[in-house]
Structure formats: structure tokens, C-alpha cells
Amino acid sequence: MSFFERFTSKWEKYRKPGYYDEFDYAWTMTVDLDSCTGCGACVTACQAENNIPIVGEKQLAKGREMQWIRIERYWEGAYPNARLSFIPMLCQHCDAAPCETVCPVSATYHNQDGLNTQVYNRCIGTRSCAVYCPYEVRYFNYNNHHWDTPLDQQLNPDVTVREKGVMEKCTFCIQRIRQAKDHAKDDGRRRVRDGEVQPACVQTCPTEALVFGNRKDPDSQVSKKMNDPRAYRVLDELNTRSSVVYLKKVDANG
Amino acid sequence: MLMDKLQYADVNNDIVRSLTVTGKRYYITLGISASLTLLCFFFPWFYQLYYGIGAAGMNHPGVWGTYLASFIFWIGLSHSGTLLSCVLHLTNSEWRKAMYRSAEAMTLFSLMVAATMVMVHVGRPWFIHWAAPYPNQMGMWPNFRSPLLFDVMAIATYLTGSSIFIYMGSIPDFAAVRDRTTGWRHHMYVLMSLGWRGTDTQWHRLNWAYTFLAVLIIPLAVSVHSIVSWDFAMSIVPSLHQTIFAPYFVVGAIYSGTAGIVTVMFVLRKYMNFEQYITKVHFDNLGKLLLVLSLIWTYINMLELFTAWYSGTSTEYEALKYKLFGYYAPLYWEMILFCAVAPLLLISKRFRTSYVPMLILSIAVNIGMYTERFLIVGTSLSRQYLPDAWGVYVPSLVEISILFGSLAMFTTMFLIFVKIFPSVSIYEVKETMHVPTKRPANRPDGEGAAQWQTT
Amino acid sequence: MANIDRRDFIKLVGAGSVSAGAGFVLAQSIKHPVEHLIPYPVPPEDFSPGIATWYNSVCSMCTAGCGITVRTREGRAKKIEGNPSHPVNQGRLCALGQAGLQVLYNPDRLIAPMMQTGDRGSNSFVQTTWDDGMSRVAERLTALREAGRGDRVCFLSDGTRGHLADVFSRFMEQLGSDRLINYDFAHPGTLYAANQHFFGAQYLPYYDLQNTRYLLSFGADYLGNWISPVHHGLGFGRSRDAGRGSRGRFVQVEPRMSISGAAADEWIPARPGTEGVLALGLAQHILASGAYAGEDLDSWTTALEPYSIEAVAEQTGLTEDTIGRLAQNFMYSEASLAIGGGAAANHSNGVDTLVAINALNYLAGNVGKSGGLMFNPAPAFEPKTKTRPAGYQAMAKFARDAAQGRIDVLILNQANPLHTLPAATGLREALEKIPMIVSLSSFADETTALADLVLPSHTYLESWGDDFPEPGVGFQLGSVSQPVVSPLYNTRATGDIILELAHRMGLSEAIPWSNMEHRLKDGWQELYESGSEDAPENDFEAFWMSVVEAGVWGKPTDAETLTFSVNREVIETIGMAAPEFAGDSESYPFLLHPYLSNSLHDGRGANLPWMQELPDAMTSVVYGSWVEMNPATARTLGLEEGDLVEVTSTEGSITAPILIFPAIMPDVIAMPIGQGHTEYGRYAKDRGVNPIQILAPKLESKTGDLAWGATRVALVATGRQAKLVKTGGVSRELGRDIIQTTGSAAPAEHHAAVTSIPIKVMPS
Ligand SMILES: Nc1nc2c(c(=O)[nH]1)N[C@H]1C(S)=C(S)[C@@H](COP(=O)(O)OP(=O)(O)OC[C@H]3O[C@@H](n4cnc5c(=O)[nH]c(N)nc54)[C@H](O)[C@@H]3O)O[C@H]1N2
Ligand SMILES: Nc1nc2c(c(=O)[nH]1)N[C@H]1C(S)=C(S)[C@@H](COP(=O)(O)OP(=O)(O)OC[C@H]3O[C@@H](n4cnc5c(=O)[nH]c(N)nc54)[C@H](O)[C@@H]3O)O[C@H]1N2
Ligand code: SF4
Ligand code: SF4
Ligand code: SF4
Ligand code: SF4
Ligand code: SF4
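Chains as they are written, first to last, in the working numbering: chain W, 205 to 458; chain D, 34 to 488; chain G, 283 to 1046.
Treat the hints with caution; some may be incorrect.
[To be verified] Some chain W residues judged to face chain D by a derived CB distance under 8 Å, without partners named:
1. K266
2. G267
3. E276
4. W279
5. T305
6. S310
7. R326
8. R331
9. Y339
10. Y343
11. F344
12. Y346
13. G369
14. R394
[Unchecked claim] The calculated lysine-lysine pairs, modelled on DSS-like cross-linking and capped at a C-alpha distance of 25 Å, are:
15. K262(W) <-> K1005(G)
16. K262(W) <-> K679(G)
17. K679(G) <-> K984(G)
[Stated by the list, open to error] Okay, the calculated bits of chain G under chain D, using three or more residues with CB under 8 Å as the criterion:
18. 1003 to 1012
19. 1017 to 1025
Hints listed in this document are in silico derivations from the structure and should not be mistaken for laboratory results. Every residue, glycine too, gets a C-beta built ideally from N, C-alpha and C.
Extracted from the complex, chain W is given alone in its bound form:
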């Protein structure tokens, strides 16, 4: 095969619509805005699960928060009719991810499960992915972080501690996906069961506003949620084809 043929065949392979259909999973999260209370349990759960550093007041004052999932808040109207709505914002694992095209070293790429993965070891820290991401969910390590002993004992051994100069973001708790797949394999199952993977944020959400699963399985809970007429994607007009689907808030006056 000539170089050109090899090249085009690879290109075809990746470009072909339906390339991802061969694979078993397309991980998806649904977020019911009608039940999210903005309580922030998901934020802390993610921080605990994923070794997200404590950045300190000084850094926060500089605008260097590190929270892979954050709660955005939007006010509407004025007193006495003011209303506040919350929207949890995390990496949308876009199927057409703008962040992926720009990374010069392919440190962020799409895997076969539809995850937007981030390879810390490969990242050189150009921060362009963060510029390209319209959801602003990429967080950069502006310095090495420190855990006052013995807080470091809490660090999750299944998750890397990132060094200065690399980008990080929500991974859909890929370590848990990995583990569930291993269990499935050990049990002789081809696929993990619906509900077997629960990212930390989903796991803890007190109002069950977050649901996670495989949208390739039509019977999964997320598939059902996605088919709710309330389902929509944030910034859909940008055609990022995100894997986080929101369910509209219901406007019912008291």
C-alpha cells in the first residue's frame, strides 16, 4: 500500500459516519434542571474522587478555580419576581469537540466510547483547548498543588495527580468506567450493566438530577431520559454534539 492509500484508508476509517457504531458504548449524562438544587454535592464529590487540588483563596481570587463540575447560576427578573436557576456545567464530551482539533499534540482526543479524554502526560500546556472549548470546562494547572499532610492520604490511587503546566477536566470518571468494564469482563459479560458505572457526581446527587449511562443501549436510563421531550443540549447551535443532555426546567407558577 502506498503512503497515500494508507493515509486515505485511515482517514476514511475515522471519517466514515458510523465509525463509532462498532463500539459498545457512548457514555452520556443527563442533567435534569428541574430537580437540580445547586447544592454542590456533585462538586465536592468530583473533587474527592478525582484528586482535584485545593487551590487556596489567593488563587481563587485570581480566578483560578479548579472544579471539573461547577454550578452556574442565572438570575432572571427583579425583586420580588427574581428567580434563580442552576445549571451544572462539566465537560460535555462533545462528539464534535472543538478542543480536540486544536491540541497540537493530540493530548486530548476522542476515544471509542465517545469520551473526550485528556492525556496528562502528553499535554504541553498550550491552553488552546481551553480557548476552543465553548463550555469553559477545562482547567489548567497554573502551579503545582500541595496537600497539607495528611490530606494527601485521601488522594485516589486510581487517578493521577496532575503537575503544573497541564490541562485537566472532567473525564466522566473514566477510572470507574474502566473498573466496571473489568468487572464485566471478569464476570464473562460483554458489556457493563446499566447503572453499573456511576461517576462520583452522579452517585451523590441528592435529587437524582444526574443520570449516567450508555446511550447505545435503548433501555438504559439515560436513553429514556434523552427521549424525554424536555431534553436539549446547551449551546446546541455550535454543533458540538455533546454527550451531556439537559432536561429543561419546567416553568409552573406556584
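Keeping the supplied structure of chain W fixed, place chains D and G with the ligands upon it in accordance with the hints.
Then chains D and G with the ligands, alone, in the frame of chain W:
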């Protein structure tokens, strides 16, 4: 027509003297700029390498800052040098000849500073080579879809092309210097002149190759800044995602580059005793060029505002509002003043031919153009799609220091350059001179003009 | 009604776990007491490197009593999650519960017994041995006891329940002291009083949010802090997700929007202190419409006569339309429920308000009904002498007694009253008068800093314990907490300390247990014998193991059918006293609305960096205190975000930056409780201010509890600025349709956005 009172020998002597005779003032200047480079550029950078990019003021969402602004600025500055030199070479513009060498040097050094800015900008510069496509055991390649990668390639190509171009154009001069120097200098120029003897075949080949490169470099230069603009325009950040960006960047680049040349020429003229080679004619012509560029630049800027307003979308509109009236609005209006309003003075010939006002204007334009780059990076990232993620980025001391340090680094490189390269092209200046007569003082005007000669 | 809960519970328990009998459950695994850090050459049975082990236990970050399961790796706790089998939280946790690991691994923990060698509060502690520390306390207590002056000992704890509380109470009983105070700022004392008064119920009822279709909350931030926020969150989410047409609606009446207010479909600012008037107005409306057909119609009609819609509108500042609409909705919703708490329950007329809410529920027929409120049976276990959390009056009495030199020894267990009581109680000076203060706390908080002797306890993740949530979930429930890691430091379990003291004091006869695990097993044996007829026969060990493994045990009895009829006397006395406030409205033009922080709670979370960095739900502020103000008020006063203002009450003043808050009444300012520590470790110390400190000692008129919503304040701009650290940018959508909404009616067509996500049917 130019340099009426000069003899060929004077040219040689003047220029060789600039290489061999070095005054105290030069050493002091070099010393200062080298120490400033160390102090303002390298020390803060080392600190940043140790601490992390957090030494700069960048944050979330302001992940890009002055380093990238400086990068665009230096790339921009690099433009007029070689590009202008090529265009003028191809159009046989005579007035180019006294200035092109320093202009090309400017290109080279700005590119080098720009490349350094990339190193300063990235979080892990020790792995920067991963952005280069080199064969490796792991089969890991860079991402060829990334505009940043296009950038790496374009800049590398431009740097290579410009280096060859300046070097090639200097070969006859190295030979001339070789013939007038002794000792280690002589040996150095023997090597550098690559055996130049001034034969017809050599001249013929040089001219052919030089013209060929000139033709090649013009599209290259245009593409370089187009590609730099794509780093931004290919994103979907409101106010960056614009089709006009490539021409906008190219024009801006040439604009700031031209202004840079005016500054450099003023300095060379004044402090390297090139009064006779760099004259009002050069300033006049560059002034006209600046005026045209400023008008095009202004037009594109207005277009940008118009499209943002006309789009009617909240995203573009808020970004526009922020630019005009937000945190950095004073800088915006400063930029408009320096780059769109002040250059209108160039309509007056008297202004164009006055050295000091031209110097001031050229500096003002580059301050304005630096501001432009800063605003492109700084304001756009502050106002993206999700208002709850909006934020302000303010540069830190380290960043400001590195910005000034990069100027010092540029100056240092230039100072070293003027002692190695004849900073005014010996042979091409001679080309512009009258055929020498035995008694130059009595030479009647006009006689023997435009007789192109070689050494 | 309660059957549903029981079935749910069994379902929950059955899912994915072994069930060794209907009465109790197994979940994951059991922790063997590990005495040392992992002895690698001979690893314990349940330890394999690289494989996580999960232990069930109980969250003790607040009094809700959620079940937790802790993931450990190589002997270290790595993550806390909710115990899926626990009926209270069903696998979920709040942010504070998630942050429990930072209690365990807090760098500012007290790691060994210490003695104060300098002046009180001078922080000149030197380490000592347990033996030395214990003998000092034992000697002192023995001397007092033998002199018959045991009543000069006071034991001050946080809201401890279960067998640990029992150990405390037995110990104090042996000392001959009735000064066992279980103080928790957030304890809903007025709610107990109102329920006792109206229903004659001793325990809090179960609020069935899950099946409610119309919830009217008067000031209770049930999703933030009130009683059992995770359980309420579950109920809220399920009610909201009940499907089109039957989606629950939520209304919040409060002067400053809380997270429950934000989550509500409607937020209604009624004049503070008149929430009960509104409740009675709604009740009156229900009566007037003829929807109530129960007993004593006449008495009710008479009692509620003054609460005509016009009068209520006048008093509450709401429109008649709003009141009418609320009444209609409340009356005609499938299942409605009214609850009250927060500042509404802590005005001078707090009990009146809560009684009014009970009356509303009663008249709307919400009592004892699915989706309404149901009565809980008595907890499966209660300490020998009841140690229900004490309110402000007990603390005030303690402060008075101490100031008069009537207390010789104070034993502190995790309680930090110097932070959670107003300065006006004079507690600091009173503590100075106590000759000996012994602290069992895990952290050097403000009160512990004054201790003479510190005997630090294990954290909850290192100790044995149990819990009987109150309020329960409609049936009897107990949870066991086990040590999930070996103790990190030279600390001891609180129970073990007290038990050892008892031995040293020669009280072994009355208090025979050698350690807490022993006490627990003994207690649970009784429970086992007393009624677990469906447990494996005569095999307590198996029962115990299964409970420890599961972390929770439930006795799915049918819920108490508390038969009650509202006493005519109660009906006749129903009515709202006008609220009284401390400070005249001339010199103190604003009402201070303090509220418990979502993340820091009453301040206990302030030493946890995760909680400091968790953006405040409503404002996104981190690491600080602030003063919330209505935008119009701020405009009038010329104040902007970050302007430092001095907030002055009759009792003192504090300074904090202004934050413009769109949903607060113009004459109310709100401040979060939680910051303002002067001790309590590096993350908490010298950060922000504590609004509790300036509260006036205005009391709730019926209970003597602190009316913490009744302090008026004056504001003075200092002219200085402070940077409020916020993670949020601009909180307006600017027409970008980020948070989309839809009407409650079912749309005709399928929304296009999501059909574009390819759904591929999996190959089998
Ligand atoms: N993530 C991950 N971890 C692993 C493994 C894995 O597969 N993945 N594998 C495990 C296994 S099997 C092994 S053996 C270990 C290996 O672990 P290490 O021993 O840490 O292996 P290396 O990183 O290959 O080499 C260590 C260092 O030796 C330096 N070095 C090379 N030659 C010389 C020399 O001649 N003299 C001196 N003084 N230094 C030299 C190298 O530059 C390098 O910095 O890693 C273990 N850990
Ligand atoms: N290029 C390069 N090559 C290297 C090295 C290098 O640094 N660079 N390092 C060298 C060194 S130091 C080493 S040690 C070797 C390692 O080379 P290998 O020994 O090949 O190591 P692995 O591939 O990590 O593991 C081998 C297999 O063992 C399986 N396995 C795991 N646990 C068990 C078990 O309990 N029982 C059985 N039967 N199988 C198990 C794993 O699933 C895996 O498939 O690589 C050597 N090769
Ligand atoms: S945990 Fe759930 S309810 Fe709380 S903020 Fe996160 S998504 Fe919203
Ligand atoms: S949300 Fe942002 S970071 Fe995540 S995949 Fe999309 S573009 Fe990339
Ligand atoms: S920051 Fe890292 S991941 Fe992002 S574009 Fe740069 S190299 Fe790629
Ligand atoms: S999916 Fe995992 S990584 Fe992503 S936000 Fe949730 S907890 Fe964090
Ligand atoms: S509500 Fe939160 S803090 Fe309280 S017990 Fe439950 S998880 Fe723990």
C-alpha cells in the same frame, strides 16, 4: 541621485568601520540590553518555569495572555522586514537598498523572539518538541488538524526562508569585508563569504536565486500571519471566529512591521552614522506606506465592529460591548488613537520627512499594535458563551517584565548583528550611486545617473 | 401509607445484597478491628493491595444521620459515598458529608493529649500521656462525686445520639449531675414544642416530600440545612420527576431566597415574623370554602376569624391574589404539605408560626397521609435519660451558673458554643470562671482553646458508634458506624474515654462496659432480643455482623398511627402574636437574616478546605463572609459589591463586604453563618465574620429558645473595599437560552435537539 557626495570607497570604509571600530557607547548599550535581557526576561522566565504559568496573571477563562499577544506582535513585526524587502526587490524600488538588510535582520530576530515567546507561553516547554513531527518509536505524531501545528510549520519555514534570504544577500558584502579586515575577523568572513569572488557567474546566480527566494517568501509571509490568525479564527470564541482575521493579521503585521522599520532606521541613522545612506526619501516612502496600511487596518477594524453589531447575537454583541466599554476600554481607545487617528498626520509630506515625529509616530503605532494583540487575546476570552464563566485577566509583573525583557533581547540580538553583518548593504548601496568620477566635487548633476554598476 | 415505605425499604435492601432475614440487611463487607497500620507481611483478611474495600458507617457531619460507605485502599480512606441501603439518604450525600474525609485527614487535628501550661487561651499546650490526662480528670471528678458535688460537673456535647449519648447520660447520672447539655445551634427546638403542643407528638413527624405534589415551605431550607437535607433532596427530585401532569410544585415563603427558594416554583417574600399569619390565612380560606368537614368546625371558624384574606394581606404584605391562589393550590393539589423552619421558626413567635402551619396541614387533611406528614414511631433506642438536644435556654442557664461559680468541671465533646452562641450570653467570661475545662474535641476550636486539658477523640471514621435518626423515616431504624481506618493519631474514641473514666472512678458496676464496641454489642443484643422476631434465631453474632456489614438495620413495623384530636383548648389559643424584634426600627433600620451556610453549616465545616472552596450555592462566593442586600436598597445607599459595611446590632458589630442579592426584601439583610472563627485551624481561622456573635438575646416567647431571626441592625459604610472572592462571572443569561424552560403542559411534538443524537440499538 542619492548620496551625492559619496565615493564607492567611502561606502566600503563607512560600513566596514561600523563593523570593526567599536566605541564605548556600543559596549555600554550592549551591556545594558544584555543585562536587561537577563534580568527582565530570563530571570522571570526561570521563576515561571519553577513556579508554573501561575507566575503570570492568566486564569479561567483568561487562559491566554500577554505571552501570546507578544508572540503575535513579534511575528507581526517580523513581517515587514523580509516581506517588504522582497516586494521592493521585485519592484526594483531603489530606496529599499539602504534599509533592507536591517529590515531583514529585524524579521529574523523578531521571529526568534516570537519562538521564545511560545516557549514562555506553554505550560511544559520542556516537551515542546512533541509539537514537531519527528519519527519515533511510539508512533506518536502531532495533531495535523491543529492550527497550532500549522503555525509551528509555517514559522519554521518562514524562519528558514528568511535566514537564507538575508544570508544570501549578504554574501558579496561579507566578501567585501573579508577583503578589508585582518585577523580573526578576516578568517570569519572568509568562511562566511563562501568563496565569493564577484565573478559574473556568481553575480548571475546570486541574482537569480535572490529573486527566486523573494518570489517564494512573499506568499510565505502572507501565509504565516494568516496561519497565526487561524489559531484564533478557527476557534469558536465570539469575536475571534471571524473570516476577516487572516487579512486582518497580515495587514496588521505589515503595518506594525513597517512602523518598526521606521524606528530601526531612525536609530541606525542616528547612532550608526548612516545619515548619508538613510535619508528623507526613505522616511517619505515608508510614511506613505504606513498611511495606506493604517487606512486598510482601520477599515478592517470598523468592519469587525460592524459585523459584530450586525450579527445581532448576544455573544458577538457582548464581546463588542466589552471591547468598547469594558475593563480594557481605555486600551482600546488608546489603540484607535495610535493606529487609526494619529497616522492621518502622514498625509502631510512635511510630517513624513521629519525624523523625530516619524520616530514618535512609529513607536506609537507599535504600542497601538501591541495593544491590539493584547486586546484580541485578553478581551475576547473574557466574554465567551457562558456569562457565568466570564472573568477578567490582568497581566502579572512577571509578564510585564518578560514583555520588556523581550524587547531587550531583540535589541541585544540586533546589536550583535550590526557588528557581524554589514547592516547597510554595501553593494546595493553602490548600485544606487553615480558612477564615480575623478573629481567628484565637480560632477555635474544628472550626468551618468542610473548606471548600474557592480563592485 | 407507611407500608409503602416499608416495601421501599425492603426493595432497597434486597437490591444487590444478601438479605439474612427481613429485619436486617447485609450490604458489603465488615471491618475487622485493625490495631496497627497495615501490617504488610501478614495482611488482614480483607486487605488486598490495589483492591478497594468498602465499609458502611454513619455520617456525623450533621444530625440527619445519613448512612455512608467508605472506600478504603491499602488501609486508607479514599472516598465517602452514601450507603445505598440506608433509607435516609439511599446512597446520596450532601457536600458536607462528602467532605468528611477532611475531618479525618485534617492537618489541624489534635493528635495527642495535651495540657495547658500557660494562661487559658494562650495556646501553650504541652503533650502529655493518656494515663496522666485521664488520672487528672478522674481524680477531680472522684473528689467532687465523693463530696456530693457531682452536680458541679457539666458535660457539653454536640447533637450526639445512640449509645454514645447513653454512655454520657449514665456517666452523668453516676456523677449525680443533670447538667448533660446536648447543644446544636440548628436543633429545631421550636418545632418539637409546636408538635408537642398541637399533636401531642414527642417526636418529629416524617415529611413525605416524595409524594407531595404541593409543598409550602415557610422558611424551612429543606434542601439546604433543614433537618435532613439529603432525604428531602431525594423527595424533591422524585416529586419533580413524577412525570408530566403530576409533577410536584414547591413554594417557598421567606424573606431571603435560600436554595430551597431557588428550587421552588415560586418564591414569596412575606414580612418576616408573619409567616404564621399567612398559614392561618390559608387555613381560614380553606375553612371558608367549606373544604374542612372535621370536628370542631365552629371553634376553628372562631379561632381563624381574624385571619381574613384582607387582614392577612395587610399583615404579610402579600397581595390578596397571591394568598387566594396559594390557598386554592394547597387545597386542591393531589397531596399538599406545609412545613416551617429556619428564621420563620426562630422569631419571637416561632412556636405560634409552627402551630399555625400544623393547623394548616390539619385542616387541609395532610396529617397521616401519603404526601403529607406522618408520625414516626419512637426511635428504636433512646439513652437512659433523654438527651434530646438542648436549646438556647439551657445554654444561657449554664452560662449564668458558670458565671456564678457553680460549675467546677466542664467536659466538652465536639461542641463549640463560643462560636454558635451570641456574645451576649457572656459565655466567654463564664468559662473563665470554671476551674477545670476538659475537651474531648478533635479540633482546637474556640471553646477547646480555653481548655486546661485536651483529651482528643477519634473522628467518626475511626470510632464505633450507632445512630437512631430523629426524625426517622416512618419506621424504626438504626445505623451502626464502625472504624473504617486505624486511628491516625494518639487519640481515643469518645465513648472509650468516658468508659475508662468511669472505671478509674470506680463506677464499673453501674457502667460495666470496657469499650464502646462492647457497649454497642450489649445494646444491640437488647434490641435483638426485644423484638426482632424475624431475625435468625438465637444468633446475635450473625445479626450483629450483618448489621455492621449493612451499616443499617430497620424494623419495618407499620408506622405509628398516632390517634389524636386537636384539643379544643389548642384550637382556641391558635393565633399569631405580633413578632418582636431587638432594636428599634429607627436606629436599626434593617432586619438581620442569618442563615446556615450550605457548606459550612453552623461553622463546623469551616476547617475543611473543600467546603471553603465550594462556591456558595446562591452567590458563588468562596472563603468569606458577606452581607446580602436588595439591589434597590443598595442603590439608595450608594453601596456596591465589595463595599465594606459595619453591621451593628444592640450587641455589637461586625464588618463584611456587601453583595447585591436580587431576591431579598429591601429592609432585610442576610448573612451566612459559618465563618468568623478565631481558632479552628488554618482553613477556618481569621476568615470572615460570625453573625451569631451580634445576635441580640431575644427569645422565642414560648420556649425560651433564641429567636435568631429577630435582631435588627444598622449599617454603616466604612468607605473601604474588600475583594469578594467569587467563582461566578455574570449571572444573567442575556437571552442566550442556556437554561431552557418549558411549560408544564405536554408538548405536542418531540423536541428535535436530542433526536439528532444517534441511538444505535446494541447488537445482542
Ligand atoms: N506505570 C508503570 N510503572 C511501573 C511499571 C510499568 O510498566 N508502568 N513497571 C514496573 C517495573 S517492571 C519496573 S522494572 C520498574 C522500573 O522502574 P525504574 O527503575 O524507575 O525504571 P526507569 O524509569 O526505566 O529507569 C530509571 C532511571 O534510570 C536511568 N538510567 C538509565 N541508565 C542508567 C545508568 O546506566 N545508570 C544510572 N544511574 N541510571 C540510569 C533512567 O534515565 C531513568 O531515569 O517500574 C515499575 N513501575
Ligand atoms: N521498550 C521497553 N521494553 C521493556 C521495558 C522497558 O522499559 N521498555 N522494561 C522491561 C522490564 S523491566 C520488564 S519487567 C518487562 C515486563 O514485561 P512483561 O512481563 O511482559 O510485563 P506485563 O506486560 O506488564 O505483564 C505480563 C502479563 O501478565 C499478566 N498478569 C498479571 N497478573 C498475573 C498473574 O497473577 N498471573 C499470570 N499468569 N499473569 C498475570 C498481565 O495481564 C500481562 O498480560 O518489560 C521489559 N521490556
Ligand atoms: S448534586 Fe445534583 S442537585 Fe446538587 S448541584 Fe449537583 S446536580 Fe444539582
Ligand atoms: S465540553 Fe469542551 S472540553 Fe469537553 S469535549 Fe466539548 S469542547 Fe472539549
Ligand atoms: S493544553 Fe494540553 S491538551 Fe490542551 S491543547 Fe495544549 S497540549 Fe493539548
Ligand atoms: S463525571 Fe466524574 S469527572 Fe466528570 S464531573 Fe462527574 S465526578 Fe467529575
Ligand atoms: S445531610 Fe449531609 S452532613 Fe448531614 S448526615 Fe447527611 S450527608 Fe452527612
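Quiz item: Is the shortest C-beta separation between R326(W) and chain D less than 8 Å?
Solution: 7 Å, holds
Quiz item: Holds or violated: G369(W) as interface residue toward chain D, Cβ cutoff 8 Å?
Solution: OK, holds: G369(W) within 8 Å of chain D, min 3 Å.
Exercise. Apply the coverage criterion to the stretch 1017 to 1025 of chain G and chain D: a residue qualifies when its Cβ sits closer than 8 Å to a Cβ of the chain, and three qualifying residues are needed.
Key: Contact hint for the stretch 1017 to 1025 of chain G vs chain D: holds, 3 residues under 8 Å.
Quiz item: Does Y343(W) pass the interface check with chain D, least Cβ-Cβ distance below 8 Å?
Solution: 6 Å, holds
Exercise. Hold the hint about S310(W) up to the distance rule: shortest CB distance to chain D must be less than 8 Å.
Key: 4 Å, holds
Quiz item: Per the CB criterion, is R331(W) less than 8 Å away from chain D?
Solution: 4 Å, holds
Quiz prompt | Restraint outcome when E276(W) is required to lie within 8 Å of chain D by C-beta distance | solution = 4 Å, holds
Self-check item: Proposed interface contact between W279(W) and chain D, which counts if any beta carbon pair is under 8 Å
Solution: Status violated, d = 10 Å.
Exercise. Tell me if Y339(W) is really an interface residue toward chain D, meaning its C-beta lies closer than 8 Å to one of theirs.
Key: Interface hint status for Y339(W): holds (7 Å vs cutoff 8 Å).
Quiz item: Within 25 Å, alpha carbon to alpha carbon, are K679(G) and K984(G)?
Solution: 16 Å, holds
Practice problem: Take the stretch 1003 to 1012 of chain G, compare each residue's beta carbon with every beta carbon of chain D, and decide whether three or more fall closer than 8 Å. | Solution: holds (count 3)
Practice problem: For the pair supplied as a hint, K262(W) and K679(G), confirm whether the alpha-carbon distance does not exceed 25 Å. | Solution: Answer violated: K262(W) to K679(G) is near 43 Å, above 25 Å.
Of the numbered hints stated above, those contradicted by the structure are hints 4, 14 and 16, listed in ascending order.
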